[in-house]
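Visitor: If you read the sequences in order, they're chains L and F. Position 124 (the first sequence) corresponds to 124 in the numbering used here; numbering is contiguous. For the numbering used here, count along the second sequence from 1 and bump the result up by 1000.
It should be emphasised that the hints constitute simulated quantities derived from the structure, not laboratory data. Here a beta-carbon is modelled for each residue, glycine too, at the ideal position from N, C-alpha and C. Some hints here could point you the wrong way.
Chain F regions said to be covered by chain L (calculated; three or more residues, Cβ under 8 Å) [said to hold, decoys possible]:
#, region
1, 1339-1347
2, 1355-1364
3, 1375-1382
List time: in silico DSSO-like cross-link candidates among lysine-lysine, alpha-carbon distance up to 27 Å [unchecked claim]:
#, chain 1, residue 1, chain 2, residue 2
4, F, K1277, L, K135
5, F, K1511, F, K1277
6, F, K1333, F, K1277
7, L, K224, F, K1511
8, F, K1062, F, K1356
9, F, K1449, F, K1333
10, F, K1192, F, K1277
11, L, K224, F, K1333
12, L, K224, L, K135
If you want a taste of the chain L side facing chain F, the calculated C-beta under 7 Å gives, among others [as the list claims (entries may be wrong)]:
#, residue
13, A169
14, R204
15, N212
16, E214
Chain by chain, the residues run as shown.
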Amino acid sequence: MATDTLKTSNAHQSPKAPGGSAVLRRVLLDNGALSALVVLVGVMSLMSGDFLTTQNLLNVGVQAAVTAILAFGVTFVIVSAGIDLSVGSVAALSATVLAWSATSQGLPVWLAVILAVGTGILCGLVSGALISFGKLPPFIATLAMLSIGRGLALVISQGSPIEIPESVARLGDTLGGWLPVPVIVMIAMGLITGAVLARTYSGRAMYAIGGNEEAARLSGIRVKRQKLVIYALSGGFAAIAGIVLASRLASAQPQAAVGYELDAIAAVVIGGASLSGGVGKASGTLIGALILAVLRNGLNLLSVSAFWQQVVIGVVIALAVLVDSLRRRA
Amino acid sequence: MSTQSATKPLSVKSASELLRMEGVRKTFPGVVALDGVDFDLRRGEVHVLLGENGAGKSTLIKMLSGAHRPDGGRILVDGSPVRIHGAQDAERLGIATIYQEFNLVPDLSVAENIFLGRQPRRLGLIDRKTMNARAAELLARVGVDVSPTDRVRELGIARLQMVEIAKALSLDARVLIMDEPTAVLTTEEVDKLFRIVRALRADGVGIVFITHHLEEIAALGDRVTVLRDGRSVTQVPAATEQDELVRLMVGRSIEQQYPRERTAPAAGTAAAVPLLKVEGLTRRGSFQDISFEVRAGEVVGLAGLVGAGRTEVVRAVFGADPYDSGTVRVLGKRLPGRDVNAAMDAGIGLVPEDRKGQGLVLDASVHENLGLVTLRRATRAGLVDRAGQRRAAARISEQLAVRMAGLDQRVRTLSGGNQQKVVIGKWLLADSKVLILDEPTRGIDVGAKVEIYQLINELTASGHAVLMISSDLPEVLGMSDRVLVMAQGRIAGELGAQEATQDAVMALAVKDIKGVTEDVKEMEGSRGH
């Protein structure tokens, strides 16, 4: 199942959909992260009989969803040679705003959702403005937003979880009794990310800015304005990830998603993007997020302690990027 | 021109000789930077190195400081051959270099900079007392009013230079190389520098002095070696007439490799329309009162020495950098300052000096780069017409004969000439009426150069205008219909195609514009550091 979704989203990215086995082999060789995912799925299937079941693979999808949606947003930022450390906090803040406005203030759910996504976008705009106009390094601006976002979430919720409306909680359910909604949202956001990167003015500008900001500026790309768009997108995606997370937890928790920004960045980088900018794809980011989810899921099935899981995940991140950089040099 | 005869026989060796270079060669990929240079330096003399931009002066001094290794020839210090493979070797031999860009750490103290990496130590810890005392001695010897504990960041440019000299003295330098030390100094500061240099000379230090200011040569120098096209063409006494020095610097004929097809401008027709009109453009510290116009069908050359402010002016015209006063008009319409998009929309295109750093997204493909300027135009409702962009890229790369494996090849892997065609191509796709080319042929091979010249001809024939900066004099003279010469941030003069000779251009380029200079230099001094 997981590989099926992969293929469809991959087909969207490149005009050549994998057809014969020769094509498939080339796709795997060209894409280190995809090969790693295939190998990982193979190993996990061999080691645990419970891994390769529809139910478990859907679980992996659900577990990957929040990280993947955050990572799609961060992809825009990393492609343009920036960094966004605030997405975990912004996700928690947006979910808190949703729950607070709908549950505590009694606003209609649709309005609460708009407010939540608006909050994420606003956070991104503030980071973007600090970077574009305040000339702060992205690391610093989004580090500040990481703290501000988390703090505001705690202020609004007064430190305790807030229940979310019934209709939002249903986002954590399945469609037709088997297809989890978070997986659908993840795929939809992935398609949007792919389209934005490949087809829109802003997407193409991201690659140019990340590749050579001065050349982009001298070619008439309005770099400052585009940076606002980039960080606003990242904030908006974080808000959606926050809502998905809240739906799974059935409440908005101000302390949720702590450290998720690092998983998101790891997913983007494992997926082949370069932190120095100019390179990165939605399909790669999806694969990166799936690799992290498969690892966690598989190690759980194998009863590896949570402590060792962290070690293994660290090693995999280092290996994935190392192999990719060696392959590029060759 | 029989300049070879002036070269002194190599075998004559003086007892006071410190340094000798014989037949030194250096090639970089695709370029011969030095092609058999002879040079010698005696104790207690100031030996001036003179030459145009690109004549090989910098490469020569980098051989002595250990930054480059020669490919051929030899270097002798005190009569014995030496290898200078790094800064340590140069230091050991007593050779110190003061570059135009200072090698100082802004946030450390003056004393720490002077003794960087060689701080006096006691029990493994830096002995600040000794260090500061020794620095004070050196600073006193240089005669500069700076405290050893001052932070370098807070010093003006003249004092930075004095600190560099103190640092050189701390190394017991016997050979001091100074690369255009007066370029950033005011007249008073230059006088002070000269006093120090004369004192060092009296102490027996041998000084290699690079300058573009001819009047400084007679004032300070003893001998002059003239470099041209990577060769040492002659050695003359410093008292040589300035006109003669200019002739020696540029003394070559323009070969017929600049196929400018000059179309006689018919009066009152499109050819006479001023496309670009710049009036009184000024940015304090960079350029002053720049006025010129560029008419349809015309190539205007912008000549001058490196640092004369040419690039700064064209970047301001294009809106890439701000200016303080003055106007830029395209077809009579005034452009707002510091707005690249307004300049682009009005029809100006800039092919920047630094192709890789400013012109291209190196890791993006040929067609991505070609489509950069037209990206906005190709966007409808946020979506880019990528198929259309690709077709346009295919068309222009064929027209410009870009040699590539395909449109998806990364531009990093193209040759310099083909990279430059891509930069020009993106502006052609945007149909820029006025194309500003900043050093368009630097570092590209002869074949590609000629293709770019042909392209300039085609552009002007179809009513476009070209403003071309070039430090390659024969190129400027060969391709321009008019030549503007800049010196020290001002336009020193304008020459028509007939009157523009190498001598005339060089004479204007080294012209000292009194009064203005002080102001400009002072402002430059307060910038950056």
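Visitor: Are the hints correct? Go through all of them and say.
Guide: Verification of the supplied hints:
1. 1339-1347: With 3 residues closer than 8 Å to chain L, the region 1339-1347 of chain F meets the three-residue bar; holds.
2. 1355-1364: Contact hint for the region 1355-1364 of chain F vs chain L: holds, 8 residues under 8 Å.
3. 1375-1382: holds (count 4)
4. F:K1277 <-> L:K135: violated (33 Å)
5. F:K1511 <-> F:K1277: It holds: about 25 Å lies between the C-alpha atoms, which stays within 27 Å.
6. F:K1333 <-> F:K1277: holds (9 Å)
7. L:K224 <-> F:K1511: violated (41 Å)
8. F:K1062 <-> F:K1356: holds (23 Å)
9. F:K1449 <-> F:K1333: violated (34 Å)
10. F:K1192 <-> F:K1277: Outside the cut-off at roughly 42 Å; violated.
11. L:K224 <-> F:K1333: Satisfied, since the Cα-Cα distance of roughly 26 Å is no more than 27 Å.
12. L:K224 <-> L:K135: This hinted pair holds, its Cα atoms lying about 10 Å apart.
13. A169: Cβ of A169 (chain L) sits 33 Å from chain F, so the hint is violated.
14. R204: Holds, about 6 Å.
15. N212: holds (4 Å)
16. E214: Constraint on E214 (chain L) satisfied, holds at 5 Å.
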